[in-house]
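Student: The primary structure of each chain is shown beneath.
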Amino acid sequence: MTDDGITIEVNGKSLPARKGQMLIEVTDANGIYVPRFCYHKKLTVAANCRMCLVEVEKAPKPVPACATPVMNGMKVFTRSPLAVEAQKSVMEFLLINHPLDCPICDQGGECELQDLAMGYGRDVSRYQERKRVVGDRDIGPLVQTEMTRCIHCTRCVRFGEEIAGLRELGATGRGEHTLIGTYVEKAMESELSGNVIDLCPVGALTSKPFRFSARTWEMRQMSGIAPHDGIGSNLHFHVKGQTVKRVVPAENESINEVWLSDRDRFSYEGLYSDDRLSTPMVKQGEEWREVDWMTAFEVIKDRLGLILNAGGPERIGALAAPTSTTEELYLLQKLMRGLGSNNIDHRLRQTDFGDDTEAPIFPWLGQSIVELEQLDAALLIGGNVRKQQPLLNHRLRKAAGKGAAIMAVNPVDYEFNYPLAARIVAGPGQIPAALAGIVQALLEAGRTLPDPSAAALLNGIQADANHRAIADRLLKAGKAAVLLGDLAMNLPGLPAVRYLSGIIAAMTGARFGYAGTAANGSGAWLAGAVPHRLPGGQPSPHAGLNARAMLERRLSAYVLLNVEPEFDCHDPVGARNALGGAQCVIAITAYRTSAMNFYADVLLPAAIYAENEGSFINVEGREQRFGAAVRPQGEARPAWKILRVLGESFCPGAFNLDDIEAVHAAIHADMQGIEPRNLDAWLRPDSLPWVNGALQRLTEVPIYSGDPLVRRARSLQRTHDAGDGMAHIAPGDAGRQGITNGDRILLKQGGETAELPAVIDARLPEGTLLLQAGNPACFGLGPETGEIEIGRA
Amino acid sequence: MSGNNGQILDAHTVAEIEHWLGKYPPEQRQSAVLAALRAAQHQNHGYLTVEVMDAVAEYLGMPRIAVYEVATFYSMFETKPAGRHSISVCTNISCMLNGADDLVAYIEGKLGIKTGESTSDGRIHLKREEECLAACCGGPMLMVDHVYHENLTKAKIDRILEQLD
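Top to bottom, those sequences are chains A and B. 73 is the number that this note's numbering gives to position 73 of the first sequence; each next residue is one higher, with no gaps. Remember, this note's numbering sits 793 above the position in the second sequence when you count from 1.
None of these hints come from the bench; they were simulated from the model. This structure is a prediction, so every number in the text was calculated from the model and none was measured. One thing to keep in mind: the hints can contain errors.
Said to hold, decoys possible - Partial list, computed: chain A residues near chain B (C-beta under 10 Å): (1) L169; (2) G170; (3) A171; (4) R174; (5) H177; (6) L179; (7) G181; (8) T182; (9) K186; (10) E189; (11) L306; (12) L475.
Where a beta carbon is used, it is the ideal one built from N, C-alpha and C, also for glycine.
Construct the complete structure from the given sequences, taking the supplied hints into account.
Tutor: This is the structure in structure tokens:
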């Protein structure tokens, strides 16, 4: 026992405790239940519900266990007549204004108040007067309010201040007139807002998409892993029959703690989109025909066989979504390489592949997620971490709360929910120069270049006060990190960004890491779903084509795994043209889109998310396996099974993998002895990317547009964070063209034009135009980065 | 919202807020929220609007909802349009024992409004007072625009009301 170890006695039992702990923490740790509403282990103590009153020897009256620090030798009674009488009295007060209509409340059956009322409430109410009624406000498409049921525990209010970093809900009024709410009609904007549903102990805040669709006792709870960001939050599916009715967090202290981002919580709605593909389909001429699986496989064998004979395997390419499982990605690359082609990639939005050879074995965070909390400084480069990786940002926010300097170099001045210690906003083409400025500041501070030849890049680079501030905070930090965000990975000049970021990390002793792009970006690298690396990161003897080159070279056949190229690729128009011109496109997909009707030849219905089994590897390199929670819809099958059959039909004997365990074992045989290392190699660019004065297009993926599943989550699409479909223009650029908010403007890129409403966006540096990926109005335009012209429509 | 302060909070209000900010550590600007709301309410003819509260929130660097919480908690802030003159009748224990409830009913009848309401001509706001106004030795008492009137009678109330423009 450590120095601050003490012993207390609860209900006659001796328990170890630490000084400074609250009584309820000790009883919770030892399985002694004390009723509570306002106390939550992740929030500060409010002690306002008084439900946890217990008797302490020599105390004149019952004390709240949540706000009473333990003392050595303290004698506590949680079930003594005094304690129980106090708890019952509190319950009577709480029920005075609470409706007693549990059968029509969505929380019924899983309500902390209902449960405790069974244990502590009277059978008959002594309160005969009128109960208060509270009007509801619409606080957005995710959280339903029924504030008459609120017992003012303030968990949701404290969550906003302490966890979400955004005070949206508050307690207005006083005494009996106190209301929890937003005061004004306003939708919640936090990317973590759904957590108040779990926190609310009563039916005041419930899930709007789930509302009145099932009772807790009708549902089974199944485990799963979140399929969007690279964090891999643990979750539970609540399943009724064969339908996922809702998703709630599963506690994992080292990953998502007890939280879940809204994207992970509500994306399940996409499972039940109208455009789910339920049977295999084959296009004959212009006609689509539903077929059975065997026919579909025979058609594929015939059509791919023709191409193999005519043009050879290099005329075939595979594009896979990084949200696919490791098993799927592994089998897809095994199929492609079995055919004799290394043309496989999952980096669909990347445009610059110049340093592929030097890229790390997988884009590792550089530390564990928990370690982010212990940082003294972090430099984020090119990414909206708060919205794209909400629970990584949550760890950084905790570090910031302890005094860490979180800093950013971004092409958009993204909002954070904590103060940044320094920031540089630089257009997509100027980020390398901004990083070079920081390197220059580090040189001036007496650090030496780990690669002396880097000096050539610093010609003419001046360090300004911002560069020096960032350099200074990184140098002073005991633990520091340099993190590349998802936007950085998709910029032209990635090698320069990666190289200079690595130099900054090496010069400051900071850990260099990647914030992650998708659920299984790590798994895709490790499974060999890149053209130049085999499973386990071994260099491929022959490098194939990367995602961009596959589309630019106009191959004869493509295999798509969970990809909608018109949304997911760097150049949607180019992708559509390449696929449309191919002789054979096989789409393994959960959805059938009109674009697929145009370019695909065979559609194979795949199970996704809760219907699927397999594993993801998160940004830390942590592998998490999951089983299917529900049966796939219609004839859909897990893609690993589809790929196994396809593989077996082209390479008999090589795909003798009976179950997912066998696939998993095969992958693990290739992954022995892998150690994540980010700073082993880098490619020094000859010069910093050259920037002329032309307007540069930057494309961000709205957080609810990143993959096919979340794009179909209806409720998320109605939130503030769904894309606004506008052309975002820096104030200076707008002023020069005489453009004001709401004007329709004409965009010209590579000979193509599109017309969009404009919004003047002060977050942008001059010379940068921000568009949002997946906006149908932009489909006519070229790639996601590059020069663009604007004019009034 | 940025840039709106200049229009919403006038120079006098800003000077008043700055005066109070000077009394607190610079990193604790929200300490001045009560004084700021009082000044803003005075500027805005006796009541606070969402726009005014938002301007105070921005000036002090507070979440808007935190300002709404303060403004709705304290009874000296009105969040709905109120009459020019504010009358609070103390109904706490000493005044109540001396007949304050009858006086409230008398005023309500005379003005034709209930506590918490304002006369339709915008002349008088009859506050719903929750606190003891600390003039127990002179109870029953009322307060008109921060001025105390003690040892009330109905005749005295008539005179007080007549003097209000």
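Student: Hint check: is the beta carbon of A:L169 less than 10 Å from a beta carbon of chain B?
Tutor: 7 Å, holds
Student: With chain B as the partner, please determine if A:R174 meets the hint condition of a C-beta pair closer than 10 Å.
Tutor: Since chain B brings a Cβ to about 5 Å from A:R174, closer than 10 Å, the hint holds.
Student: Is the shortest C-beta separation between A:K186 and chain B less than 10 Å?
Tutor: 9 Å, holds
Student: Less than 10 Å between beta-carbons is the criterion; does A:G181 satisfy it with respect to chain B?
Tutor: Hint on A:G181: holds, closest Cβ of chain B at ~9 Å, below 10 Å.
Student: Does the closest beta carbon of chain B sit nearer than 10 Å to the beta carbon of A:A171?
Tutor: 6 Å, holds
Student: Identify whether the interface hint at A:G170 stands, where standing means a beta carbon of chain B within less than 10 Å of its own.
Tutor: Cβ of A:G170 sits 4 Å from chain B, so the hint holds.
Student: Is the hint on A:L179 kept, meaning its closest Cβ partner in chain B is under 10 Å away?
Tutor: Hint on A:L179: holds, closest Cβ of chain B at ~8 Å, below 10 Å.
Student: Let's test the interface hint: is any C-beta of chain B closer than 10 Å to that of A:H177?
Tutor: Interface hint status for A:H177: holds (8 Å vs cutoff 10 Å).
Student: Have a go at the A:L306 hint: is there a Cβ in chain B nearer than 10 Å to its own Cβ?
Tutor: 64 Å, violated
Student: For the restraint on A:E189, tell me whether the closest CB of chain B is nearer than 10 Å.
Tutor: Interface hint status for A:E189: violated (12 Å vs cutoff 10 Å).
Student: Hint check: is the beta carbon of A:T182 less than 10 Å from a beta carbon of chain B?
Tutor: 7 Å, holds
Student: Hey, does the A:L475 contact hint survive, CB to chain B under 10 Å?
Tutor: Violated. Min distance 25 Å.
Hint violations for this structure: numbers 10, 11, 12, all remaining hints satisfied.
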